[in-house]
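2 protein chains.
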Amino acid sequence: MENFTFYAPTYFVFGRDAEKETAKYVKRFGGKKVLIHYGGGSVIRSGLLACVKDGLDSAGIPYVELGGVQPNPRSGLVYEGIELCRKENVDFILAVGGGSTIDSAKAIAAGAVYDGDFWDYYQGKIVEEALPIGTVLTISAAGSEGSPDSVITNDNGMFKRGATGEALRPKFTILNPALTQTLPPYQTACGISDIIAHLYERYLTNTKEVEVTDRMIEALLLTMIHEGPRAMEDANNYDARANIMWAAMMAHNNSCGVGRSQDWTSHDIEHELSALYDCAHGAGLAVVMPAVFTYNMEHNIMRFAQMAVRVWGCQMDFEHPEKTAKAGIEALRQFLISIGMPKNFAELGAKEEDIEKLAHTACYGDVRNGTLGGFVELHQDDVENIYRLMI
Amino acid sequence: MENFTFYAPTYFVFGRDAEKETAKYVKRFGGKKVLIHYGGGSVIRSGLLACVKDGLDSAGIPYVELGGVQPNPRSGLVYEGIELCRKENVDFILAVGGGSTIDSAKAIAAGAVYDGDFWDYYQGKIVEEALPIGTVLTISAAGSEGSPDSVITNDNGMFKRGATGEALRPKFTILNPALTQTLPPYQTACGISDIIAHLYERYLTNTKEVEVTDRMIEALLLTMIHEGPRAMEDANNYDARANIMWAAMMAHNNSCGVGRSQDWTSHDIEHELSALYDCAHGAGLAVVMPAVFTYNMEHNIMRFAQMAVRVWGCQMDFEHPEKTAKAGIEALRQFLISIGMPKNFAELGAKEEDIEKLAHTACYGDVRNGTLGGFVELHQDDVENIYRLMI
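Read top to bottom, the protein sequences are chains A and B.
Quick note on the numbering used here: the first sequence kicks off at 5 and runs consecutively.
Quick note on the numbering used here: the second sequence kicks off at 5 and runs consecutively.
Hints may be right or wrong, so weigh each one.
Which copy is meant is left open, because identical chains are indistinguishable; a pair holds if it fits in one copy or across any two.
30 Å max Cα-Cα, derived BS3-like pairs, lysine-lysine [unchecked claim]:
| id | residue 1 | residue 2 |
| --- | --- | --- |
| 1 | Lys37 | Lys361 |
| 2 | Lys212 | Lys24 |
| 3 | Lys28 | Lys175 |
| 4 | Lys24 | Lys129 |
| 5 | Lys129 | Lys330 |
| 6 | Lys129 | Lys28 |
| 7 | Lys175 | Lys31 |
| 8 | Lys175 | Lys37 |
Quick caveat, the hints were computed from the structure, so don't treat them as lab data.
This is chain A alone, in the form it adopts within the complex:
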């Protein structure tokens, strides 16, 4: 195991009606002037935004609002949020929504107290200072509610890039599984796909002797395989939603990723798809993952075989471990299809003729240096080959 530090000081309030306590936690973590950041109509229609605002009103905490976050959140709105925070002397950012809203809130939180362009953080500069952030989560997916990470799409060239820094960990997060019951099935499924991807990205490691984190990742995947279909079958299954919600957070707060190299190839390759076609990130990942794993399988057959046996219940073929490894990837593919995820470029709205451009941007776009991948080092031709596996 490699040396590491781990610090996850987010206060989680989990359960039915938890959102009613939002103002209490804004106050506990020092918020005196709040920016409420959200997306579109769903938090308005559901009454969640009104509930949060009522709470702040009752607590005498003033706020301003900025809605309009899109899936694959954009830099334009971040700049707008930063300006608003400065103008209104905001000292606390409250994200009400899913991963896109939280990521956008994190970018605003970092940018509001930074003299330079906030995009610097999305080019590799570590975020060391940011306004405090609280979140009220409405979809189990990104894990941003407990992570130090944020992903933003730059309107200028449509690069999708990530930033990180301990200052971005939310101070508190409200997790009410019932809030996810009103999601359309497709969004629930996209969330499941994203959670599974966060686990695979950590599982695909070159670090030896990491049994504890292997086992934790497997545990969270087994949970998703059990609970995912239950949530798809009955959107109102509170317990399935609850198990998924905690698994989503644990999958990405990095307690199961410490002390080991990680991959993130699937995310990098997917980000180009959702940046260019504005498809849902989870849907993109569902198409990307089987292709990446098939391409990279030879790098460590036994790792894929272990996943296949421990998580997907495949029988180990001791004479031909590569068959077991393949069976595990196929089981993942079938699982994703079974919950309604797309299976290829066409279903995603992606185009074969863009492959060279996609691969080039993935490898050279913005500050990239020609390669990607923590598990296998991939060059542009590799990435093109991977995209071709998705046709």
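Here the structure of chain A is known, so what remains is to put chain B in place on it, guided by the hints.
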């Protein structure tokens, strides 16, 4: 799943030579006058104490010392520590040692800023204020390095009782697996037994639909079954020690215990043994656990069968699930014996003639009200029967 809150803001510094950074973290978390609290000779002999003191000296942070913590730490030393903190205006407690040292440090930290008797906290009062605590861990076992809990033995009557409160979570914890390589095999095994017990206490729940935490607990148990024997076989196996160290912390920081009722019967029944005979807590648990589980098995055969199949690799007997449940308990018993743990009262130094007294103290001692157990409600006659299973 039940509603819950979860907040675990401990900064973990994990890896080789991590102890050299102790002073940096004392400073980061505001320590200006430190009490270094430790046990006996091992931290002196190993040079660990000197290393920590050198670091504080170099950082210009003054300190006082209080050694002499025993396994099953006593109230007498806690009172001494509290007095010393007040006299010396200590504002930070640094525990260098194992669970006993950390628990004693927590009691001092709480008592130093409390007007009443610190023992109030060990009679049920929640700790809401305490001096900040840092730890340098020397044995993987108690999980106290990442938990809000502390257990102290009262010299006055030899009650062993626990306190809890978020204020008791360490601000930082130094985890260097290499520091555990010098432990005698018996102590390593006691630690393994304690970690396993923390997982079973959480697994034995009456809450339904808790797949995510079930799976996480199973993951950590599978880790212990794999890594425990490797650490016993080769004390210097750094990777085995590292996996155990992270598993021990995860087993007890409660991320795998949220939203579900927990048991803690084995701990309550064991505490009477280590209070009376001063045996090692982990050794006591090794004798207690199979007895408790055998006695309670009928309460939920399927829960024990699930544990047997998923963790101990037993074949499910679908016609006679109770046979599978029993096989799992037997597998646990054999595992504990295989790493050198005692298997009965005699090997523990406990006496059959004390059973009534032990059971009475467990059920009525100090502030107890006649019953114990979160999984099955047990009365004194049940507890006597359980002790008899250990003969």
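Against the structure, the hints:
For a Cα distance limit of 30 Å, the shortest separation of Lys37 from Lys361 qualifies neither inside one copy, at 44 Å, nor across copies, at 60 Å. Only between protomers do Lys212 and Lys24 lie at most 30 Å apart by alpha-carbon distance; the minimum there is 25 Å, versus 45 Å within a single protomer. Proximity of Lys28 to Lys175 under the C-alpha cut-off of 30 Å is found in both arrangements, the shortest distances being 12 Å within a copy and 23 Å between copies. For a Cα distance limit of 30 Å, the shortest separation of Lys24 from Lys129 across copies, 27 Å, qualifies, whereas the shortest one inside one copy, 36 Å, does not.
In this homomeric assembly, Lys129 and Lys330 never come within 30 Å of each other (Cα to Cα): the closest approach is 38 Å inside a single copy and 56 Å across copies. Taking the shortest alpha-carbon separations for Lys129 and Lys28, only the inter-copy value of 23 Å comes in at or below 30 Å, while the best intra-copy value is 33 Å. Taking CA atoms no more than 30 Å apart as the test, Lys175 paired with Lys31 passes in both settings, with 11 Å inside one copy and 22 Å between copies. For a Cα distance limit of 30 Å, the shortest separation of Lys175 from Lys37 qualifies both inside one copy, at 15 Å, and across copies, at 28 Å.
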